[in-house]
Every structure is written in structure tokens, then in C-alpha cells.
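Student: Sequence:
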Amino acid sequence: MAGIEVAYELKDKTEYILASSAEIVSPGFTEIYEKSLHYLFEPTANLPDSGKLFSIILIT
Numbered sequence: 000m001a002g003i004e005v006a007y008e009l010k011d012k013t014e015y016i017l018a019s020s021a022e023i024v025s026p027g028f029t030e031i032y033e034k035s036l037h038y039l040f041e042p043t044a045n046l047p048d049s050g051k052l053f054s055i056i057l058i059t
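Take numbering that gives the first Met the number 0: the final residue in the sequence shown is number 59, and no numbers are missing along the way.
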């Protein structure tokens, strides 16, 4: 769901879009989902903390 069509439809609804270019079904990514999905359900965006978490997990 990270195609340009979806991004265009959301252009007037949000300032930011967090999306993946492809589905990742690798078991190695379960750590990312477990630690980061709660950021998507918070009432206000916490972009610095969520970005930091994603970068730490992906670099290590």
C-alpha cells in the first residue's frame, strides 16, 4: 500500500506518510514490528522517537 496512488489519495489528509516500498514477510523483521507498531496507534505522531527506533533496529 505504498504506491503513488495511495500517497496521492492521502495528500490532503496528512503531512507525512510512513510506508514501505514492498511487503516484507521475513521473520527477521518481527523485532521491528513488535517494538514499533505502537507508534502508529498513538493520537499524536512522535516522529523523532519512532525514527530513532527504526534506525537503531535497522543498523544493528
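Hints were generated in silico from the structure; no laboratory data involved.
Predicted model only: the values in this text are computed from it and were never measured.
Be a bit skeptical, because a hint or two may be false.
As the list claims (entries may be wrong) - Simulated restraints, written as ranges between beta carbons of each label pair:
#1 His37 - Leu9: 27 to 33 Å
#2 Lys10 - Thr43: 29 to 35 Å
#3 Val5 - Leu46: 26 to 32 Å
#4 Ile56 - Tyr7: 27 to 33 Å
#5 Asp11 - Ile55: 28 to 34 Å
#6 Ala18 - Thr43: 27 to 33 Å
#7 Ala44 - Glu8: 27 to 33 Å
#8 Leu57 - Asp11: 28 to 34 Å
#9 Asp11 - Lys34: 30 to 36 Å
Said to hold, decoys possible - Listed below are the simulated BS3-like cross-link pairs for lysine-lysine, each with C-alpha atoms no more than 27 Å apart in a straight line:
#10 Lys51 - Lys34
#11 Lys12 - Lys51
#12 Lys51 - Lys10
Don't be surprised by glycine CBs; every beta carbon is placed ideally from N, CA and C.
Student: The structure should be examined with respect to each hint, and the outcome stated for every one.
Tutor: Tested hints:
1. Separated by about 21 Å at the C-beta atoms, His37 and Leu9 break the suggested range of 27 to 33 Å.
2. A hinted range of 29 to 35 Å for the beta carbons of Lys10 and Thr43 is inconsistent with their spacing of about 20 Å.
3. Checked against the hint of 26 to 32 Å, the C-beta distance between Val5 and Leu46 comes to roughly 20 Å, which is inconsistent with it.
4. Roughly 29 Å separates the CB atoms of Ile56 and Tyr7, a value that falls within the hinted 27 to 33 Å.
5. At roughly 33 Å, the beta-carbon separation of Asp11 and Ile55 lies within the given 28 to 34 Å, and the hint holds.
6. The given range of 27 to 33 Å is broken by Ala18 and Thr43, whose C-beta atoms sit roughly 19 Å from each other.
7. Checked against the given bound of 27 to 33 Å, the beta carbons of Ala44 and Glu8, roughly 19 Å apart, lie outside it.
8. A C-beta distance of roughly 30 Å is found between Leu57 and Asp11, which places it inside the suggested range of 28 to 34 Å.
9. Asp11 and Lys34 have their C-beta atoms about 31 Å apart, which keeps the hinted 30 to 36 Å range intact.
10. For the suggested pair Lys51 and Lys34, the alpha carbons sit about 12 Å apart, so the restraint of at most 27 Å is met.
11. The straight-line distance between the Cα atoms of Lys12 and Lys51 is roughly 25 Å, inside the 27 Å bound, and the hint therefore holds.
12. A distance of roughly 25 Å separates the Cα atoms of Lys51 and Lys10; the hinted pair therefore holds under the 27 Å criterion.
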